[in-house]
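Number of protein chains: 2
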Amino acid sequence: MPAPTLSDIRAAYARIQPHIHRTPVLTSQALDALCGAHIYFKCESLQKTGAFKMRGATNAVLLLSAEQAERGVATHSSGNHGAALALAARRRGVRAWVVMPENAPPIKRDAVAGYGATIRECAPTLAAREAALEEVVAETGAEFIPPYDDGRIIAGQGTAALELMQEVGELDAVVAPLGGGGLLAGTAIAVTSLMEETAVVGAEPQGADDAYRSLKAGRIIPMEDPRTIADGLRSSLGQHTFPILQERVSAVVTVPESTIITAMRRLWERMKIVVEPSAAVALGALMEAPERFAGKRVGVILSGGNVDLDHLPWLE
Amino acid sequence: MPAPTLSDIRAAYARIQPHIHRTPVLTSQALDALCGAHIYFKCESLQKTGAFKMRGATNAVLLLSAEQAERGVATHSSGNHGAALALAARRRGVRAWVVMPENAPPIKRDAVAGYGATIRECAPTLAAREAALEEVVAETGAEFIPPYDDGRIIAGQGTAALELMQEVGELDAVVAPLGGGGLLAGTAIAVTSLMEETAVVGAEPQGADDAYRSLKAGRIIPMEDPRTIADGLRSSLGQHTFPILQERVSAVVTVPESTIITAMRRLWERMKIVVEPSAAVALGALMEAPERFAGKRVGVILSGGNVDLDHLPWLE
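Just so you know, the sequences run in chain order G and A.
If you read the first sequence in the numbering used here, its first letter stands for residue 1, the second for the next number, and so on.
If you read the second sequence in the numbering used here, its first letter stands for residue 317, the second for the next number, and so on.
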């Protein structure tokens with residue numbers, strides 16, 4: 001399957017627009033001063049289900065044939081993709097199965113169940129997760145909708161950058177969090193197609209820096225033992241996302257845990273928004289590499305806001 | 317001084333627009349389902365300085381004559397008005413003095429000082445506060461800008477409702493938090509002038525229900541011993557705000573502390589925004605009086621987002 005193009009992203013946007021929020025772009029003089037740049041925050045934390053994942057999942061669900069829709073969709077996810085797929089499926093009246101590790105936080109299970117998906121529990125290993133998914137697909141004939149390594153998903157995620165550029169115009173750089181690479185790949189296609197000169201930068205936790213290392217090595221180096229609070233960014237790159245990043249991403253900035261937590265707190269405190277650690281990594285990249293962004297117009301995609309309010313990192 | 321009119325609010329809007337954020341209006345299916353209504357949240361928590369207070373303070377500062385501006389402005393405030401006046405003054409290059417009780421939380425002091433105002437400390441009593449303010453005014457000739465009981469302030473606060481109506485059109489009701497009455501008075505003038513049939517409802521903590529009692533009694537009953545976490549709503553009504561509320565407000569709903577905290581948590585959790593307890597009181601009113609809003613289109617003004625992130629009420 002060839003990589004999605006700008007026109008795939010535009011088509012995805014037309015398709016999903018009635019089903020998603022057009023999220024606001026916020027600015028903060030305090031954070032501009034902190035980073036020495038002019039920052040435009042695209043708040044996907046304010047997206048339905050609290051994350052940009054709703055964009056890709058909705059695009060994939062709306063692209064199902066009538067026959068596929070009849071059989072339903074399935075995925076494995078301990079996080080935002082599961083909730084997004086559940087809601088996107090419910091909006092089209094399609095059944096959804098989500099394989100979740102038995103130790104997934106209750107708040108994540110409740111979200112998926114609340115959107116009407118059937119949860120299938122599995123042991124908390126990649127092998128158990130894949131086995132459970134295969135089982136569900138074999139039993140139900142459901143279509144597997146991967147969390148990121150899929151053209152339909154990548155095209156959907158790219159629509160956030162499209163909205164951002166529509167709203168603020170020319171940018172010198174766009175920064176997005178980097179885990180499996182779905183958001184960054186979609187962002188990079190949208191941005192570099194429309195603004196050739198704009199740098200697209202990935203923001204990755206230092207404790208899960210497989211993408212940084214993979215891009216350096218020229219081959220996918222899987223993430224084996226991720227150690228980061230940014231639970232949305234622990235995955236490895238995929239066969240679809242990796243080549244897109246190779247072609248279109250200018251740089252990856254890795255961000256230490258302490259900076260992730262500081263960035264998260266600054267976003268809550270100064271911008272009055274609830275963002276999850278994975279989203280804060282993007283601001284963390286500006287704090288870690290200020291020379292790269294000094295005086296520039298920078299778009300930052302705040303990917304999500306799903307946090308356990310009983311356990312805040314600065315209070316632990 | 318006669319009460320401000322719709323044209324005062326429109327003039328205030330034209331005046332302050334370049335200096336404020338046009339805050340987003342957010343919606344949430346989860347909170348609609350919780351309350352049984354269609355709710356449009358006007359997020360003044362995302363306003364500059366984290367509160368609607370920036371609107372009134374900016375209006376008052378921009379209305380100063382050149383001569384007044386030369387002398388500066390002064391106020392007493394332990395909260396959002398002080399920070400807003402400090403920033404509004406700085407933007408016009410005007411000096412500002414803010415009288416604050418010596419026990420004011422460091423975060424509030426830092427905000428006021430950070431915007432360049434001079435802080436004058438006083439004992440934490442109303443008498444000490446008024447004496448300190450008189451002293452500052454006598455020494456400096458600064459213009460006193462009251463926190464709410466002032467036509468310039470009321471007109472400025474009304475501009476939030478103006479933006480809300482521009483964005484969402486007809487509403488059956490608009491709910492705003494009720495402390496000293498500046499926000500609610502401005503909101504009521506804007507809303508009832510433009511939409512005669514729309515109910516304007518005040519949301520007041522049960523532990524500081526002086527406005528509820530005052531409107532019932534037909535005279536201002538001062539708040540003597542407010543007991544509420546909603547620190548922005550502990551003040552008594554003023555000579556200017558009271559008659560406007562008498563004329564234009566349909567009802568006051570009083571909200572118990574437990575509902576305020578639940579509402580606050582729901583807003584953080586489901587809408588991914590940081591709001592302070594005083595803002596949550598407005599959603600709390602819908603939770604307390606669902607019959608009043610059932611199936612209706614309701615605008616809710618979320619007044620502010622200034623919270624000490626080290627002390628969250630559900631973790632205390």
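Please keep in mind that the hints were generated in silico from the structure rather than gathered at the bench.
Think of the CB as a built atom: it goes at the ideal place given N, C-alpha and C, for glycine as much as any other residue.
A portion of the hints provided could be inaccurate.
One side only, chain G facing chain A, incomplete, derived with CB under 8 Å [unchecked claim]:
| no. | residue |
| --- | --- |
| 1 | PRO24 |
| 2 | SER45 |
| 3 | LEU46 |
| 4 | TRP268 |
| 5 | LEU315 |
Partial list, derived from the structure: chain G residues whose beta carbon lies under 7 Å from chain A [what the hints assert, rightly or not]:
| no. | residue |
| --- | --- |
| 6 | GLU269 |
| 7 | ILE273 |
| 8 | LEU309 |
Q) Are there hints from earlier that the structure breaks, and if so, what are their numbers? A) none
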